[in-house]
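Asker: Chain residues, written in single-letter form:
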Amino acid sequence: MGPSGCGKSTLLHLLGGLQRPTHGEVWLAEHRIDTMSERALARLRRHHVGFVFQSFHLMDELTAVENVELAALLAGQSPRRARQRAMTLLDRVGLADRAKHLPSALSGGQRQRVAIARALSNEPLVVLADEPTGNLDSAATLEVLRLFEELRTGGQTLVVVTHDARIAAVADRIISMRDGAFVDDSRLAGTTVGTGTVYGGWR
Amino acid sequence: MQDVVLAMLAKEPAYGYELRARIRGALGPLGEAMNAGQIYVTLARLAKAGLVTSQHAEGLPDRPDRRVYALTPAGQQRVAAWLTEVSWPKPDLAEFHLKLVAAAAGRLADPVALVDAQRRELLRRLRDAQRAALERSVDPVAGLLLEGVVLRLRADLEWLEACERMWTERDRTRRKATP
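Respectively, the protein sequence lines represent chains P and B.
When you read off a place in the first sequence, starting at 1, and then add 166, the result is the number in our numbering.
When you read off a place in the second sequence, starting at 1, and then add 139, the result is the number in our numbering.
This is chain B alone, in the form it adopts within the complex:
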């Protein structure tokens, strides 16, 4: 969040409420879940770290959303560093994978049933995201984010199919082995 707020300030100084509106707009329907106060907490932290400065605008009440924020030189450096940084959020598949392994090993639950439950949940999320993406009112740039969410969920569902194949197969072999 800190890096995002800094980068959004790189073009020009802005009011707190403007920054918030810009971020929300770029997130599209997903921005609706954004916490209103979060950006001001972030701005306060950035100010404390010397990465932004803020000025009270004349004639306006002195509130965080009515202050004009600007990058300091240190803030600009941090934005430049962030842009060149290569990072990517890792989906945590290991936990679910180990759940299946443990369930099968200890005969705690049918791994295939666990996969089914997970698949229904992912389908439900995919449905919500795809429905949102189908709305003609979605801004095309914000729509890209929804498309990313959709494609990632689809990849997860393909992985669940592979899981189902494997655990179904194992189940059959085990049953044959223990008549």
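This is chain P alone, in the form it adopts within the complex:
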């Protein structure tokens, strides 16, 4: 969490292996990823990371279910299995009845839920979401938050970048960033008591 320009998205790109750090190390599930080859990074992204973006990044010409199954098809899965899995995922995000709709026929909140279903298709270790509600109104934000809450309860790890305190407030852990550095780290999991630490002491 933090104001725009503080480095949140960069951090997320580093975590997802989309960018490399100029120094320091990036570890994901006990693997050091900043020294991996491009090829290994691509494999990592394909198999272990799910991405959700502010502007959905859906293919306009493909229906909801085609968008969700695309990654599995490219990874070499059979069309039948890919379709089955995509339908299960759309059902999970509450959009089974919109499977044949093009993105243009869906509301913003629905499009983002399709994008989340797509992000889940490889059963990722972690879903990285960059301002997932940035383009959504209040009601659609609630839809996406509900879905995140369900995924979280189901054991899915999510790392969400946001400047909206509403989104951050439902997380187990909130890291605040300012000018490219961590300034606060609160764990809210379980209890409602937050414990914070100040990083770096640059204050």
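Rather than coming from a laboratory, the hints here were simulated on the basis of the structure.
Ideal placement from N, C-alpha and C gives every residue a C-beta, glycine not left out.
Please note that the accuracy of each hint is not assured.
Stated by the list, open to error - Straight-line alpha carbon distances no greater than 25 Å define the calculated SDA-like cross-link-like pairs of lysine to any residue that follow:
id : chain 1 : residue 1 : chain 2 : residue 2
1  : B       : K315      : P       : F348
2  : B       : K315      : P       : G346
3  : B       : K187      : B       : N174
4  : B       : K315      : B       : L239
5  : B       : K315      : P       : A347
What the hints assert, rightly or not - Distance ranges between label pairs, derived from CB positions:
id : chain 1 : residue 1 : chain 2 : residue 2 : range
6  : P       : R209      : B       : E171      : 47 to 57 Å
7  : P       : T254      : B       : E151      : 45 to 55 Å
8  : P       : A305      : B       : A301      : 25 to 35 Å
Position chain B relative to chain P; hints supplied.
Answerer: Relative to chain P, chain B alone:
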């Protein structure tokens, strides 16, 4: 509270317990904290002021929750006046603001640390309110109140960010000035 109870009676006369249930229902999860006796104290005051009358319903024990309450003409006038009145609760930011000013001026505490503590508390409240709003069982109308609470807390948090920026900046300038 008085105006709310009067307005809830405007549609038709009601039992005390009905009124209480209506108000609680409209408040949703926030209504759980409502004091059970409060409405009857309010009704008694309104009766004394001549704004409501109450009737003992036949066959029921004569208790405040079993009486039927109705607006008097004066009560109806007061409801009409309340509806057109423009008022809005003021959040009291001045006190916290002055706390920061005093802390910095007297070197009593680090204002940025005070802001941090306050932010964690607001985040905790925001978390509770947002979690309650995410419950699918919340009635949509009652959910609106939760949304209001959430949006207000978010605005307060944005203000705290502005506070943090200012006091961090001041701190840096002061340190430069006194090597």
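Asker: Decide, hint by hint, whether the structure agrees.
Answerer: Against the structure, the hints:
Between K315 (chain B) and F348 (chain P) the CA atoms are separated by roughly 23 Å; this keeps the pair inside 25 Å, and the hint holds. Restraint check for K315 (chain B) and G346 (chain P): the C-alpha separation of about 22 Å stays at or below 25 Å, so the hint holds. A hinted pair counts as satisfied when its Cα atoms are at most 25 Å apart, and K187 (chain B) with N174 (chain B) qualifies at roughly 21 Å. Taken as a hint, the K315 (chain B) and L239 (chain B) pair is honoured in the structure, with Cα atoms around 21 Å apart against an allowance of 25 Å.
With a C-alpha separation of about 21 Å, the suggested pairing of K315 (chain B) with A347 (chain P) holds against the 25 Å cut-off. Distance hint check: the CB atoms of R209 (chain P) and E171 (chain B) are about 51 Å apart, consistent with the given range 47 to 57 Å. A C-beta distance of roughly 51 Å is found between T254 (chain P) and E151 (chain B), which places it inside the suggested range of 45 to 55 Å. One distance hint, 25 to 35 Å for the beta-carbon pair A305 (chain P) and A301 (chain B), holds here, with the actual separation near 28 Å.
No hint from the list above goes unmet by this structure.
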